[in-house]
Structure formats: structure tokens, C-alpha cells
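K.L.:
Here is what each chain is made of, one letter per residue.
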Amino acid sequence: MKELKDGAINLGLDLQGGMYVLLETDIPTLVEKIAGKKTEELREAIQEADERSINNQTDFFTEFLTVANNRELRLFRNYNNLATTRDNESVISELKIQRDNAIASALEIIRNRIDEFGVSEPTIQKYGANRIIVELAGVQDSDRARNLIQRTASLEFTLILNDQWEQTLNKIDTYLLSDSSALNIDLDSSNKNIVEANENASAEDIFMEENILSEPTFDMSTPKEVLKEKPFSGYLRSVPRGVGVLAKEFHIVKEILENPEVRRKIPRGGKFLWGNQFESAQDEMGNFIEFRQLYYVSSDPEISGGMIREPRATMGGAGTDVSGQWVVNLSMSPEGAKRWSRFTGANINRQVAIVLDDKVFMAPVIRDKIPSGQTQVTGFADVNEAKDIANVLRAGELPAPVEIIEERTVGPSLGSDSIKSGRKAMFFGLMAVMIFMIIYYKGAGLLATLALMLNLIMVIAVLAGLNATLTLPGIAGLILTIGMAVDANVIIFERIREELDLGKTVRAAIDSGYERAFITILDANVTTLIAAFVLAWVGSGPIQGFAVTLSTGIMCSMFTAIFVTRTVFMFFSDRKPMESLSI
Amino acid sequence: MRFLNKTNIDFISKQKITGFLSIALIIAGITSLIMKGGPLLSIDFTGGTVAQVKFEKPVELSQLRNTLSEFGFKGAEIVEFGSPDEILIKTQFSGSSSEISEQLTLALGKTFTLRRVESVGPKIGKELQSDALKAIGLALVLILIYITFRFDRYYALGSVMALIHDVLITLGIFSLLDYEINLSIVAAFLTIVGYSLNDTIVVFDRIRENIPKYMKKTLNDIVNISLNETLNRTVITSLTTMMVVVILFIWGGKVINLFAFALIIGVFVGTYSSLFVASPVMVYFEKRSAGPYRK
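Protein chains in written order, with the working numbering: chain H, 1 to 583; chain D, 1 to 295.
Just chain H, same shape as in the assembly (with noise of 0.2 Å):
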């Protein structure tokens, strides 16, 4: 236990507090970006092998090689960037080389996106083909940590279609009154659970006292009637600096946005992108509102992200609009700033979208034309936000986006109170134990008890010397162990008293007690043993960490019962013969 103090044992994160994150690279986009020729057809398969590959659970070039093959797709028209063969299997080995390149500089500017965040010693590492393992031990701000890594940081300037906007709404209404079988039921219940939440209750009745959200203590969601003739633009409503949609009925405006369906109304040229974060602020009848922004910008972005240079975050200067506020300087490489210079000659007065993974930071109107590419990015959040961004735009974008598929985040003071309880349980578990071992077997039992601890020093040892991690369920392996350690000892006991029984001496009965039990001892730890070695092997994480204490328990009781109590035996039994046995 005093090891556990120390911290001569590494604590799994479920212990010390931290996070735990599973990335997996998005293969299918990636594998489109790389196409020099991007076509329908290519992008049907590909959308086809991804299906395929979630469905059957295969890997996804094997299904596309099958998709492309099936359509009689010819890749390497589409990847003629590439230097390959003309025929699909090389092209496919191609671009899984393409992919193992494109992990590897992504693991690359993970790490450096976290350095620059300071978190020591990190874990960062490759997990099968397409994966990566994060682990941060300690972290505070796990929200933050989590989109540091999972930013793509991928920075796009593009201009926003205000023109297109009401024509584009207009398809998505029309689209939605007309067949909206699928949407109807989903549009309905969701408007239904805003109208009970708001007859139960307002915000703040959720806590006992005290008012938490500032303001909403009316009903300003959107009236029914309004949707029955515009069921998806009558959420739009006007907000300072452009439209918006209340944070209350934002879910539902995201959902109509992701629908297949809808995706296809929209023109090609164009998307949806939602503003960076939620804002409030007076409405025109003088109510408080939270809302979102929510622009329609062209899908043909005029500058992206490897035409940036030197990102910095600093305050705004005094005097300028922005001071005050955190800023990110940038310029860009000549033929962005060339780029940019001519887009912004011919766009004067028209409204620029600043995008950094797919969400809009700030949408200024061009005012002249800047020939420098020197740009400045506003509208974040916080200090920490324009510093994380401007960390992710330094460590470069991600080769392909990646998604967090499996994440475990524990909080210190949940680990701090899992320590706690664990230590509890465990020095309770022992003292039960070796109270009732002392009183059912006397002498022998003390020697029992003793063994119990020299075999708790010996797994804690192990584990230390195996540079293994001490999680939550590996002390419930080692409660475990504590009460099935002393099996052992109880089947040898149990022996040599059968043997006294037969009226054997005392030496005879430790001798043949012994002897007797190791068998049983044995076969029955072995197949124990054989569970524990199944689940270190096939288990993840905090089950590895149960499996290998338990196991490691379990060896080292069988050691201390067969031959440290024996010697114990043998040398009081040695000294003088004994004529009665404590057991």
C-alpha cells in the first residue's frame, strides 16, 4: 500500500484522473482528397465501400477494390497523381501507402499539437492500421485537450452566398412541406418535447434555488403555425449580425441539415456552415436570446490551409476595433497572398467566411483589396481558444479528418475518490480475512495471514517491476486475490488435518499434507490462471490491468503457500518434535 503512495506504481488513468482517446482517421475522405480527378462515379464508390466495410466490418480498401471492381471503375484515371500500374489492385496498394503516410504525419502533428499544450508524458501511438491512441494523464480541461486533437485544422477562406440564400431555403421548405414522411415524425417529436418542457417548467427549477440561464422565462420558441408553412426556415430568425437559430432549437435545425435528403436540395457550390459558438443578445423586443449563426457559403473555398503562414495569437491593438480582444495574425505564402489579393480586388463589399473546421469564425465585409495576405482572425471564445488555434494552424492540418471513436475521461477527483474507496475495501478485505484465518486455524493461521501479507508485498512488487498500471479494476483484482489467495493455504490446512485425523504424527501429516494439496493446488490455479491469461490477452485497458493482477496474485499465493509456510512448518516441526499441532 505505501507503493501506492509513493507512486512506485504507475496509476491508470482511471485512478490519477485523465483521458483516454481512440482516433480513427477517416479513410474515405481521405482516399477522395487524394484523387487528382475527382469524379460522381468515384465518389459513389466510395461512399458504397464505406457502407460495406461498416456493415460487414471489413477493411475498407479490401470492399472498395471489390466496389471498384464491380462498377468496372477504372482508378487510375482518377488517380492519375499517382505512379502506378493501370490496373486496381496497384492503385489500391497505392493509396493504402498514401494512408500509412498520412497516419504517421498525422501521429506527428498530434504530438506536437500536444506538446505545445503541456502535458507530460503523453501517450501517442499507432493502434492498428488506422488508429491512434491518446493518452493524457491529469489533464484539466478535457475539452479542450479533445479538440486540440481533434481539430483537422483546416482553414478555409470562402466567400459567403447571400445571394443564393432565400432561393436555397425556399428548395429546403418546399422539399419539406412536399415529402417530408421520413423528417415529419422527427420534426413533430422534437416540437413536441419543447412544448411539454415549457409547460412543466422553466430553467430554473431545475436546481432547488437559484437561477442558472439568464433570462428565458417566456415561451420564445417558434410557434407552430409559422412551421407548418415553413418548416425549415421558420427556425431562422434575424440576430445581429445575420441570421441565427435559438440555441433551444438548434438540435433540430442540425438534424433537418443532416438529412440525406435535405443535403441533396441544396445546390451544388454551396453548404451550411453553423458560426463558431453560441451567442446572446437582445432581440428586438428587448428579451435576451441565446442563438447560433448560421451562414450559406460557397463549397469552393478561395484559400485553405497550407497557404498559411506564421499563426500567432495576440491581443488586439489598442485603438484598432478589435482591442481588447484575442486575435490570430497571419500572412500567407506568395501564391495565397496573390490569391487573395485578386479574390478580394473582386469581391469588394461582398462578405468573406473565415472557416476553420467547417465552423465560421468571423465574416467580415471586404472593404479593399489586401494585397499583403496579412489577415487577422477574430471571434473566439477565449484566450485559449485563439491560442489553440493558433497551435493547430502552426502543427499543420491533418492529412484527413479524424474521429474520436472511443474516449474515457476521468475527472481527479473521481480518481482521488477511487483510491480512497479502494484502499478501503482493500485494508477491510484483509483484516476480515486474517481474523477469521487466525480464529479457524490458530497457529497455522497466523502463519496463513502472514503468508497473506508477504504475498501482497510480492504482487505489488511484481507489478512494479513489470512497469504494470495500477487501474480501478486491478484493485478490485487485488481484493480479489487477497481472498482467494489464502485458498491455497486452506486446502493444505484442511489436508493436514485429514492426516492428523488418521492418526499420523505431525511431521508425517505436514510431510503427506503437502504433497497431497500441491496437486490440487496446481490443477486448480492453472485453470484460474487460464481465465485471467485470456482476458490480459483479448481485454483492453482497465481489463488487462484486472487480468494481470489477478493472475500475478495467483502465482505468487501459490509460491508463498507451497513453499514459504512449508519451510515455516518445517523448521518449528525440525527444531523439536511436536506433539500437537496449532491448526
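For the chain D half of the interface with chain H, some residues (derived, Cβ under 8 Å), not all of them:
hint : residue
1    : E118
2    : G121
3    : L138
4    : L197
5    : D205
6    : G252
None of these hints come from the bench; they were simulated from the model.
Please read all numbers here as calculations on a predicted model, not as lab measurements.
Even glycine gets a Cβ: it sits at the ideal position worked out from N, Cα and C.
Knowing the structure of chain H, use the given hints to seat chain D on it.
P.N.:
For chain D alone, coordinates are given in the frame of chain H:
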């Protein structure tokens, strides 16, 4: 001190009662499993998110439920976790968990701390599911091989039947109580397998030792003698293990509560099965085969 002195219980003849008891329990469990469409799997296997949230002060669950559903946590399961200011939010949502904490902040303001977030994508869920099944299957096969090798195949059959019995009953009880099966419960199942086997092997070992000793006696008698001879050990080991498992359940903390509960059931059922399931099954198959031991 001795709890049981020179017992002479006829375990084998109790077959009818115990067999009925076991089958009744298993059928109850399986019925519940079928009616509920399989075991209640946690987000580890189905994909989804669990957030453990601690508030500054106690919260009213029903109001919280309303507010959260208003903010898009549709169908979220919200339960108290340990104390009234700490709750668990379970959703099928498996997007990025930053979205979850964003939504939560939006709905509740900065009045809480996220103590634990576990988020598993549906794809990983499927993988973890097949890994867990693989682990249990592999363990059973390896154990079967080991026992066949050390004893014979009828012993192996007896012990594996006992194991399946134990896992089915524990699974059934979990289903009846609507408890979730998560990764650590799978680990608990494998521990139960190991423990129950440990118990069974000790008995089998004694039977193997006693067969040449009592050549005149029937297999039934030999098994009974062996069970009685090892009864003291069975009871004491179960007792010490049960003590620590119960302590783990009471003081081990909320997070491993269910794990400890599974072990409590497992130790109980495992002890029972090594007395009343493994040996009778072994005897049944030995006799049917009319193997080396006459009736």
C-alpha cells in the same frame, strides 16, 4: 475450530431437487433475456455516451430530464449516482463528447463538473462485443482442453456444464434486475468462471484420488465421499472470498459496484455448482459411457 465435522451428506441423491432449482433459475433468466431481447448491454457494446456529472447542489431529476430533452438529449436516461448532487446521463448519442459538454453547458450553465465521460462509437461497440464473446469462448475451450488432458473428457464436460450454469444464472439475474452488462462485468464473468472451476477441480481431484482407494464402492459413493471430504475447504474458501467481495461491494466505490455484485452472485453460484452440478453431470456421463468405472 471446525465448522463441519465428518459430514456425510448424500449430494448425488439431491440431484432432483438441485437440478430442478438450477433449471428453474436458468429458465427464469433465459425467459427474461428473451422477453427483453437479449441482455441489457451498456454503451461499451452498443455505442453511446455516459456522462457522470456532479452539481454544486442537489438537483431535481424530473426537471433536469425536461431541460435536457429540450436541449436535444432525446431519450437520455438520467439517474442519480450515489448522492443527490451526482447524476449519470446515458445517451445513445455517440458524437464527439465536446458536443455533449457544449450542449450540457448550454442547458445548465456552468453549474456542474464532468467527473467522467465515456463515449463509445457504434463501430467500436461492435468490436468490443465480439472481443468479449471471443474471450469467453476462448477461455472455455482452453479450460476444456486442460481438464480433458489432466482428467478425462467427462470431467471436462461436468466442469464446463457447471461454468455455463454459473454464467447463465448470473446473466439471468442481471437481466431480471435490469442491470447493464459492461466490459467490467465481462471480466467479472471470466473471474467467476475461474473461481467456480477452481472449486470444481479441488473436488474432481479428490474423486480421482479416491477411485483407486475405494475400488469396491460405486461411483456415486466415491463422489459423495469426496464431496464430503472437501466440504470444509469449499465452505471456508467461499467464505473468505465472499467476505472480500462483499467488502468490495460495500466500500469499493460506486464505479465498481456492479462488478462486485456480479462477483457476489458468482461466488455463491460457483460454490453451489461445484457441489451440485459439476459432479452429478460428470457421474451421469461416466455412467452413460459405461467407461472404466462400473455402475
